[in-house]
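Per the working numbering, the sequence shown runs over residues 7 to 367.
These are computed hints drawn from the structure, not numbers from a lab.
Hints are supplied without guarantee of correctness; some may be wrong.
Lysine to any residue pairs mimicking SDA-like chemistry, simulated, CA-CA at most 20 Å apart [stated by the list, open to error]:
(1) 39 x 53
(2) 39 x 19
(3) 39 x 27
(4) 39 x 56
(5) 39 x 58
(6) 39 x 63
(7) 39 x 57
(8) 39 x 29
(9) 39 x 55
(10) 39 x 65
(11) 39 x 49
(12) 39 x 22
(13) 39 x 21
(14) 39 x 62
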Amino acid sequence: MSASLIQQLAERLGCTPEAAEAALRQYIDRIQKQLAQEGQAILPGLGHLIRSEEGLRFEPDASLAQAVNHRFAGLEPVTVEPPSSQAYRKTEVVLPEGEESEATEETEAAEEAPTSPFYEVEPETPQAEAPPPEAEEAASAVMEEAPTTPPPEPEPEPEPEASAESAEPTPPSPEPSLRPPRPPRFRVEEERRRGLPVWVPAALLIVVLGAVAVWFLLFSRPSEPEVVPPAPSQAEVQPTAPAETTAAAATPAADTAAETSTPTVEAPPPPAPPAPGDYALIVGSVTSQAAAERIAERFRRTLSERGLPVTIVATSTGGTTRYRVAVGRYSSPEEALAAKRQLGDVLPPDAWVLRIPSTTQ
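Kindly generate the complete structure, drawing on both the sequences and the hints.
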C-alpha cells in the first residue's frame, strides 16, 4: 500500500502506521468477503460496491454526490445558433415586364455557368414554348402604348442578427447552500475509542500528590488542645518578687547608702532550672537540633528585656525526636495563656501550652 496513505490514516486515527495498515487491511478483507457472499458491499457514508459481469461498480450515496457536484447543480444545456455570416438567405427580385426577356437570358447564362457554393440556385425549370409572331406584335404594341414605369428599387437587406458569441453571457445561478456531508460512521467510532489523552491522568496524579504533601506539612505536627481558662485574677497576674530582692531590702540602710555611692551593675542571675510539672509556651517544633538552637537564640534576643527563659525541650514521638523551643515557666495553663495574650506582638499566633517533662536541654 502507499506509504503516504498509511501515514495519513495513522495521523487521522492517532495510532502507529503499522496499526493503521493492519486496520485498513482488515477493513478491505471484510468488504471482499461481503462482495463474495452477497454480491455487493455497503460503505457507510459513501455508497455501494456492486459486483457484476462487467466488474465492480460504485454507486455513490445522494449525500456524497451532492457534496461533490454541488457546484454544478442547476445548470442546463445552452443551445448555440450558428453565426449569421454562415446563414444563407434567398432574395427574390421582381423585374418589370419589359426586362423579362433579358432576365430570362441572364437566367439561362447563370444556369450554364458553374454554381458557387456560397449561393443557392433554384432548380432548372422547363422553358415555355415561344409565342407566335402575331402575339409578339400585339404585345409590343401594348407595351409601346403603356407608360414606362421606373424599375423598382431593390429592398434593403436586413441587418445580420447578432451572433450568439456577441450576446451577453447569462450570469451563473448562485450555488445552493449545502450542508457538509456527514463523516463516515466508523470514523466517529474510532474517535470515541481513543479515550482521554495521556497528559490528563498525569495532571490528575500531580494534583493529588500536591494535596497529600500540603496535608502532611500542615497536620504532621501534633497539636494539643488548648485549655481556655477563665479571666485570671490580679493576684495571679502580679509577678512575685524573687528572694534576692527581698534579701536586698532587708540589708541595713548604711549598706544601701554605700552601694548608692559606688554604683555597680550586676548581671542578672541565670534562670532557675525548670521544675517538673511547670508549663511553658511552645513557639517552635522541629526535628533538627541546630534549627531549634537558631529559633531559641532569636527569641532570647527578643525577650532579653522581659527576663523570660528560653529553653529547648527534646521529646520523642512515634520514634522521631522533636526539639521544641519553650518560652517562660508558668505554674498553670491559665497563667501561660494569660502571658501569651500579653506577648501577642512577640510570640507567633500558633504558640501553644505544653507541660515541661523532667528531662530538658
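Evaluated hints:
no.	hint	verdict
1	39 x 53	holds, 17 Å
2	39 x 19	violated, 24 Å
3	39 x 27	holds, 18 Å
4	39 x 56	holds, 13 Å
5	39 x 58	holds, 15 Å
6	39 x 63	holds, 16 Å
7	39 x 57	holds, 12 Å
8	39 x 29	holds, 16 Å
9	39 x 55	holds, 12 Å
10	39 x 65	holds, 19 Å
11	39 x 49	holds, 13 Å
12	39 x 22	violated, 26 Å
13	39 x 21	violated, 26 Å
14	39 x 62	holds, 14 Å
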